[in-house]
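Chains L and D, in that order, are what the protein sequence lines are.
Counting in the working numbering, the final residue of the first sequence is number 805, and the numbers go up one at a time with none missing.
Counting in the working numbering, the final residue of the second sequence is number 974, and the numbers go up one at a time with none missing.
A portion of the hints provided could be inaccurate.
[Claimed, not checked] If you only want the chain L side, here are some residues facing chain D, beta carbon under 10 Å, derived: (1) Glu24; (2) Asp32; (3) Val251; (4) Leu395; (5) Ile696; (6) Met723.
[Claimed, not checked] Chain D residues, not near chain L, derived (Cβ > 12 Å throughout): (7) Gly814; (8) Arg817; (9) Gly858.
Hints are computed from structural coordinates only; laboratory data are not their basis.
On a predicted model such as this, the values are computed, not experimentally measured, just so you know.
Using N, Cα and C, we set each Cβ at its ideal position, and we do this for glycine too.
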Amino acid sequence: MNAPATAPLRGPFRYVGKKRRVREDRRFATGDGHYAADVALPGMLHAVPLQSEYPAARIVAIDASAALALPGVRAVLTGAELAAAIEPLMNGAHAPLVRRYPLAVGQVRYAGEWVAVVVAESRAIAEDARELIAVEYAPLPFVLDGEAALDPASPPVHPDHGSNVLLDRHFVWGEVDAAFAAAPRRLAYRVVWGRSSTVPLETFGVTARWDHGLELLDVWASIQMPKFPDQIARALRLPGNAVRVHHDIDVGGSYGVKRGIKHAVLVGHLARLLDAPVRLLEDRLENMTGGDMQGPERIFDVQLAFEEDGRVRAMRMRALDNVGAYAGRSPFQLGKPIGAIVGPYAIGAVAYHALAVTSNKTPQEAVRGFGQAPTNYALETGIDRVAEALGLDRLEVRRRNFIRAEQFPYTIPSGTTYDSGDYHALLGKAVAAAEAAGIFAERDRLRAAGMLAGIGVATVLEPSGGNSSFEPLLNPHNRTTTWMDSCRVTVDATGAVTATLHTTSAGQAHETLVAVAVAEVLEIDPERIRVVRPDSLGSLPSNSPVGSRMAIMLGGAAVEAARRLKAQLMAIAAHDLGVAEGALAYEGGRVAAPDRRALDWAELVQIAHREFFRLPPGSEPGLAASAIYQVPTGGQLPTADGRVHMYPCHSAECHLVLVAIDPVLGKPEIRRWITGHDCGTVISPDVVRGMTLGGIAHGIGAALLEEFTYDRETGQPTAASFMDYPMPSAHEVPEVEIVHQCTPSPLTVFGQKGSGESGYLGGPAALASAVNDALRPLGLHIDRLPMRPAAISDAIADTTTQETA
Amino acid sequence: MELTLTVNGRARRVQVEDRCTLLDCLRETLRLTGTRAGCEHGVCGTCTVLLDGEPVRSCLVLAAQAEGSAVTTIEGVAPAPGELSVVQDAFCEAHGMQCGYCTPGMVLTAEALLAGNPAPTREEIVEAISGNLCRCTGYGQIVEAVELAAVRLRSANTRPAAARMEPAK
């Protein structure tokens, strides 16, 4: 493992971990947030996509003459025209013949796919014109089901690619077969994670303007996409410095999905073509069906080999992911979980078969946790099954399998080294809180009253720090071994401090994070630090807030930049006072010599900005420092046998959830929820708590409510609005009690780990565990998420029917 | 069609298409962009504004239907530019938001609740905000923000912003 990129800074802290208002909140509370839909440029035109009615069809002809005749319509563009002018969008998997353009070319591959785009002087006119476009389709056979798509006889979504298989990789880490042969007990099971997503309340929106004088494309977008400007430039055949993405756009929720590359490339092309600003703002129907933001849809087949005492020796896991009609980054979502494939457990050998197939569904995009939540659900189900098979307590089986605190740093079979943790202590705290809350007694009381009641258990990890090692692991043509982030700190001639961040944010309070991190180093009030977001041409490299990484990566970059700035202050003082730097004391922006002579902040600034003769020889005037921060432990390519160190830090969470089910209605009702959370040093307590609570709410949605369903006969999406894609309201989310533990990461500046995916990574597993605990007296398992009331009540009804028969 | 709308206490003459929703009129015609579009079919509550003090979904109300009523948007909540209402301040103190997109609707819903019920129970708060979806927070800190606002309004002997908005005559 590499040494930390920057030396750790350990407490007691002045600002880190203290209650502090989130600076972003003020503008949001007053309605002054500035979102993509708020960008309004003079002469702006409005683009709306025409969407396919068929899941698979050949496009025979498109007649736009009636639409073009409508007053106010400026253009109608088809896929064939667009494809001639741009490069295909980037694929994650190595699948060069799975070509993807913003508009369908020759063939549509899912109902909802964009076939053409109308540009008009108002959105309303564009929508009216869309109705007037006549498309002649020749329907083709289609495939929706992931297992069916595996069949070589299934209709190929991309005939040129030859099959529907995008990714088919076998990994064997350790002596799996020997462990299975030697183990006294084995079991096998299947669990299914249904297709859901994070569905932000803001749809995707983008506005682009081509400045023909500067030959520069300006882009304002609701975006959370690594390498976004690069991807636009490549697709539009522009040099990278001809695309300027504005980062000072508030993003109205993302949680992974606001990728929008097809939207931005299309609008960028239109802005150049029409020499006018063009906006594309999805409505909800467009977002749900053609926004390409649906999440993993995964079938897990798992085998475990274990001892009579419950210790799991080896695991075989096959994960089949139905990624929908195009590749995008989605196959990589099978790769990230490799970095925590054994969760918090000391499982010594693992075989993993990662399979991604295309189908005629909406393409999959990155969703919170990047595939980790489904994998955690599959693994946690297994631990519950082991306990059930042996008649052991589920908590005790976890304790027996946990990696012990003294074993860290701990390398798992697939090559990642976990940084730190104490899973026994974390579970112990959560269990103590649950006992204090009386949830075990409450379950028994409910059962005695004739209800089905169960307690769910999940103990899972949140890999954080967002390295992208799964890219070279799953795509040999990809050699990405850095996923850097950056910060710049300047002190102006008035002494005011400004720090930068180089991406958009979607509610993660990054401006507050940077202010606190810089303030901690410079020992000045965070409120004195302004945090700004330069546009992409004024920015240092960033990889956007993906992979629970910003506390680690942006926090690390901000600390390093502030340290470099502080070093400049120290050098100035040493020279001016004629004292060795090592003898100086820095406190609160003032530098003092042992003889009590000192330079205060204003004087240091004065020297740096005005009095060159007082600067150390060879130094630059002014005060500015920047840092580009490499992911701690990153930088290595995978080994030949498919091992790679994935993410640097590993947060842990455990959930204990009490669920009651009315046996007739089948609706799981969450009565109590206790979470133990360990993300190392907490920088902003309110922010971390909010993300965990929000992640739990997302988990409740994925486990109980949300699914993008499709009609088997017609291939049509049947969850295309908020009426048929139910999401948790305040009624569905219980009060959650969070108990904290802190095992600092040795790899990060403050000991912090990530928390952006917390709650979501264990919540669904905990709910599945709770429902199955409730149904255990009936001998039932519910092995598919979401666990809709109808599925539960039908399963219960089947058992009672059998009893009477 | 030409309409006169009373928005945040000011009479505004607007020219809109008959089919124009109150949401689009506020955002596009009056450039009051604090009101935001969520689902545009009346489920999520993101676009909530107050009509004569009552929360409504501005995506389901035609601009023409709002004529003769007092419309309050998030821009009309603070007592003065640069200041915060007690409810807004409580949302900041409790971090009752993350991305901020649902926040204007949440704040207005809370203002309306507290105008009619100065001491709501937790259940009453949950019921009041249950028509407003939030995808970031899991609602915990939003409920706490409303609880905090209620306490502060009671102890400060101050009326919530919604109570200042009299129906248009």
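Is it correct that the beta-carbon of Gly814/D has no partner in chain L closer than or equal to 12 Å?
holds (16 Å)
Given hint Val251/L near chain D, where the shortest CB pair must fall under 10 Å
holds (6 Å)
Beyond 12 Å from every chain L Cβ: check whether that's true for Arg817/D.
holds (17 Å)
Please check whether Met723/L passes as an interface residue: C-beta within 10 Å of a C-beta belonging to chain D.
With a minimum Cβ separation of about 6 Å from chain D (threshold 10 Å), the hint on Met723/L holds.
Chain L versus Gly858/D - minimum CB to CB distance exceeding 12 Å, so not interface
holds (18 Å)
Per the CB criterion, is Glu24/L less than 10 Å away from chain D?
holds (7 Å)
Identify whether the interface hint at Leu395/L stands, where standing means a beta carbon of chain D within less than 10 Å of its own.
Cβ of Leu395/L sits 25 Å from chain D, so the hint is violated.
Just to be careful: measuring from the Cβ of Asp32/L to every Cβ in chain D, is the smallest value less than 10 Å?
Since the shortest Cβ distance to chain D is 7 Å, the answer is holds.
Interface hint for Ile696/L, Cβ within 10 Å of any Cβ on chain D
holds (6 Å)
Of the numbered hints stated above, the single one contradicted by the structure is hint 4.
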